Amino acid sequence: MKKLDKNKLALAIAAPLLAVVAAVLITSLIILATGDDPLLAYQVMLEFGSKSDSQVWIIDKSITYYLSALAVAIGFRMNLFNIGVDGQYRIAAFFAAVVGGALTLPGFLQIPVIILVAMTVGALWAGIAGLLKVTRGVSEVITTIMLNFTAGSLIGYFLQEGRLAEKDGNIFHTPNIPESSHFFTFPTTPDPVDGFIVIAVLVGAVYWFVLNRTRFGFDLRAVGSSQSAAEASGVSVKRMVLTSMVLSGAAAGLVGMPTLLGDSYNYGNDFPTGIGFTGIALALLGRNHAVGMAFAALLWGFLDRTGSQLEIEGFAQEIVEVMKGVIVLSVVIAYELVRRYGLRKQQREVGAELAAQSAGDGTNDKAGVSA
Amino acid sequence: MANHDIDITVQGGTVHALVGENGAGKSTLMKILYGMQRPDEGTITIAGEQVTLGSPGDAIERGIGMVHQHFMLADNLTVQENVVLGAERLHGIGAAASRRITEISETYGLGARPGALVEDLGVADRQRVEILKVLYRGARTLILDEPTAVLVPQEVDALFDNLRDLKAEGLTVLFISHKLGEVLSVADDITVIRRGTTVASVRPADTTAKQLAELMVGSELPSPETRESTVTDIPMLAVDDLHLSAVDSSGDVRTVLDGVSFTVHKGEVLGVAGVEGNGQAELVESVMGMRTTDGGSVTLDGADISARSTRKRREEGIGYIPEDRHRHGLLLDAPLWENRMLGHVTEPPNSRGQILDPKAARTDTERIVADYDVRTPGIEVTAASLSGGNQQKLIVGREMSHQPKLLIAAHPTRGVDVGAQAQIWDQIREARREGLAVLLISADLDELIGLSDTLRVMYRGRLVADADPATITPEELGSAMTGAAGGHLEHESGDTGALEDTDSTPEDGATPDTDSTPEDGGDHR
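Same order as they appear, the protein sequences are chains A and B. Going by this note's numbering, the first residue of the first sequence is number 1, and it counts up by one from there. Going by this note's numbering, the first residue of the second sequence is number 1, and it counts up by one from there.
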């Protein structure tokens with residue numbers, strides 16, 4: 001027992017270690033190939049990334065990333081590929097901004113209302129894909145991609161003067177939400193840290209608890225592990241698909257909130273896009289694990305922050321994007337390799353244990369055949 | 001250690017059968033002969049020449065070909081494409097290949113149509129394509145791994161004709177099976193393998209099925225027989241006029257269950273015999289609530305559960321040992337203690353309210369591992385790393401731990417070694433003594449006859465016959481399974497044919513004589 005646990009720990013450390021070593025190695029080779037010094041690049045990144053204003057920037061950025069990763073991971077845990085987090089968070093943020101801009105309630109009421117609207121819209125948008133999957137058998141991959149475009153067009157339609165937006169320079173945006181609805185911040189120096197980090201940590205904790213400690217989470221994981229076995233065990237797979245899609249969409253609804261409540265205060269055509277896809281990479285990187293994804297989000301924030309600095313220092317501007325790709329690939333491959341190795345090792349150990357138990361007549365293999 | 005001290009000599013131009021219980025090491029030996037696994041020690045000699053088989057490629061080069069139990073064909077390709085796939089260098093992929101395939105097919109009477117799509121072929125035809133594939137690659141020795149497991153009796157006869165043709169052309173066939181009747185009818189020589197070693201080589205003329213069985217399992221022949229009857233007259237499961245239709249692969253609506261009615265009483269084991277694919281699996285899934293039936297009712301302990309979900313039915317007290325434990329019984333990547341929760345996650349000790357109780361589940365898993373002799377180094381290992389027999393023991397332990405009123409056992413000892421088999425039989429018998437009702441589906445006729453209090457035969461979605469397990473023989477049961485006989489089957493009563501119309505078979509047709517011995521008054525529950 002003890003021995004197995006120790007192996008488990010060693011394997012758990014081996015995978016990320018292998019991934020990091022491989023990623024650093026490959027990236028270094030690529031930087032070398034572009035004619036630059038990889039060590040210098042890493043030095044620039046570390047120095048710039050560890051400055052205090054960089055730290056705050058990275059943390060703020062990773063809050064959004066983390067929420068997006070969680071939304072994707074809910075689907076991943078039951079083999080649902082929700083590619084639509086991108087559309088879900090945008091349409092959710094848009095309608096939340098519209099409602100927020102129209103109301104003037106006290107902050108302690110209005111902030112929850114805005115967040116609730118966002119989660120509901122996200123859930124409904126994702127629910128369309130879930131419903132189509134359970135009633136018509138349409139793959140959620142197809143529907144969520146298409147719903148991304150639909151969401152974009154819908155927002156584009158409403159985001160015009162005279163509809164739900166106002167013109168501000170050459171940007172159209174929804175009316176600003178009142179100051180009372182601005183989310184609180186931690187008064188750190190030089191810049192404040194967004195208070196939404198509290199919500200992100202909370203959602204991460206709920207994600208972990210629901211998946212690992214509740215019946216619902218067990219059912220969800222069972223469906224992800226083997227749909228047929230889950231069905232035979234009494235899980236209604238269809239209901240589970242719909243529920244997890246809705247939950248994934250509700251979590252996606254949160255993705256735009258740090259920006260809306262703490263930065264832009266409206267939804268304009270300059271609202272950040274593409275974070276849903278980043279979430280897919282981060283869920284892969286963090287192995288759908290609540291803590292793993294937090295590290296992944298911080299790493300991504302770090303790369304974003306230091307990438308621009310690399311460009312200023314004269315490195316190829318694409319180098320950070322290349323790094324990101326290499327990291328995701330290294331992690332996925334390293335984990336799969338370690339998983340397979342662990343499984344084989346475990347099978348061998350079980351076999352050895354059994355052989356030891358039934359030791360006695362164990363002579364050597366001998367096969368003599370003639371035909 | 002899967003194999004040790006294996007000595008087997010196969011004469012050229014013969015059909016040589018290799019028999020042994022599940023888990024005796026037959027498959028390991030086959031893998032060694034086909035180069036998929038290397039022996040630690042010992043030699044293989046082909047036609048006087050000692051060889052080393054490092055890969056299937058080596059084996060094919062030496063003229064050894066293997067027909068796997070599970071076909072390895074691409075459904076969306078034609079017969080010809082499947083045959084030439086990977087052997088394009090022999091005769092190309094065009095007309096020359098087609099000619100060669102037709103030639104082989106005619107020589108050995110395989111009746112293959114090179115242009116037919118594999119997905120349109122039946123099981124027996126697919127098997128012939130597999131044989132063709134092997135012959136096309138120039139095999140002179142064919143290894144067939146349990147070729148009859150997937151065939152109905154008529155198809156088995158046809159296969160054996162093919163094997164005789166192969167033999168007549170001078171080819172050698174190594175035939176693996178645990179069905180003794182078949183082995184005796186087709187083999188020239190028989191080698192018996194037990195616990196990884198060869199224990200005897202016999203000729204069919206000098207032996208009987210019973211002697212072979214004893215050689216296979218060793219001195220003590222475990223018997224699934226149940227001694228005294230514990231059947232009560234309290235109905236536990238009543239299935240009434242169940243109808244189910246399904247859409248098959250070609251898009252046709254097919255009746256799968258047609259007016260199935262039966263009652264299982266407390267303390268009774270009702271066995272359902274039948275060739276696989278006649279609706280047994282669908283019957284089980286209907287009773288479990290995994291399929292929506294077109295009509296009929298399912299009553300458990302007096303309550304109509306026809307409209308209830310699978311989970312509700314399990315909570316009401318149905319235990320389920322599924323036919324395919326990998327598909328329906330286990331989460332292979334999950335640790336044993338999570339598998340212990342599967343199917344019973346809503347019940348103690350696995351959860352309290354909506355919250356899981358991993359600590360209690362772990363403790364209880366330790367208990368199951370100890371009580372049911374699951375051989376494992378611990379409960380944190382994944383289910384996939386256990387052997388089939390130990391996986392099955394875990395499932396049986398899990399289902400029995402929730403005091404089921406009704407146990408649905410589909411092939412409960414399939415792929416399980418002899419020791420575990422006897423143990424599982426004992427557990428079913430013991431629970432039955434305490435008033436458990438059991439619906440038993442099995443392809444093993446000895447298991448069915450030995451364990452059941454009442455027998456029914458299923459054929460094409462209908463219960464066509466019933467029999468008294470105390471007097472019936474496997475042969476008589478077998479004839480009803482092919483649809484040749486129906487009604488109430490009586491042993492040696494002159495005619496084993498239909499004594500009464502199948503439709504008028506009373507709902508609990510064969511139970512009266514077993515019902516009449518409720519001496520223990522039924523339940524201790």
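Be careful, since some hints might not be right.
[To be verified] Computed from the model, here is a short list of chain A residues facing chain B with C-beta under 7 angstroms: (1) A14; (2) Q160; (3) G162; (4) R213; (5) Q227; (6) S228; (7) A232; (8) S233; (9) Y341; (10) K345; (11) Q346; (12) Q347; (13) V350.
None of these hints come from the bench; they were simulated from the model. The structure displayed is predicted, hence computed values, not measured ones. Using N, Cα and C, we set each Cβ at its ideal position, and we do this for glycine too.
Now the hints, each set against the structure:
1. A14: Given a least distance of 17 angstroms, the restraint on A/A14 is violated.
2. Q160: For A/Q160, the interface hint is violated, since the closest Cβ of chain B sits about 46 angstroms away, which is over 7 angstroms.
3. G162: violated (49 angstroms)
4. R213: holds (5 angstroms)
5. Q227: Because about 9 angstroms separates A/Q227 from the closest Cβ in chain B, which is outside the 7 angstroms limit, the hint is violated.
6. S228: holds (5 angstroms)
7. A232: holds (4 angstroms)
8. S233: Because about 4 angstroms separates A/S233 from the closest Cβ in chain B, which is inside the 7 angstroms limit, the hint holds.
9. Y341: For A/Y341, the interface hint is violated, since the closest Cβ of chain B sits about 13 angstroms away, which is over 7 angstroms.
10. K345: Since chain B brings no Cβ nearer than about 9 angstroms to A/K345, farther than 7 angstroms, the hint is violated.
11. Q346: Nearest chain B Cβ about 5 angstroms off; hint holds.
12. Q347: holds (5 angstroms)
13. V350: holds (5 angstroms)
Violated hints for the displayed structure, listed by number in ascending order: 1, 2, 3, 5, 9 and 10.
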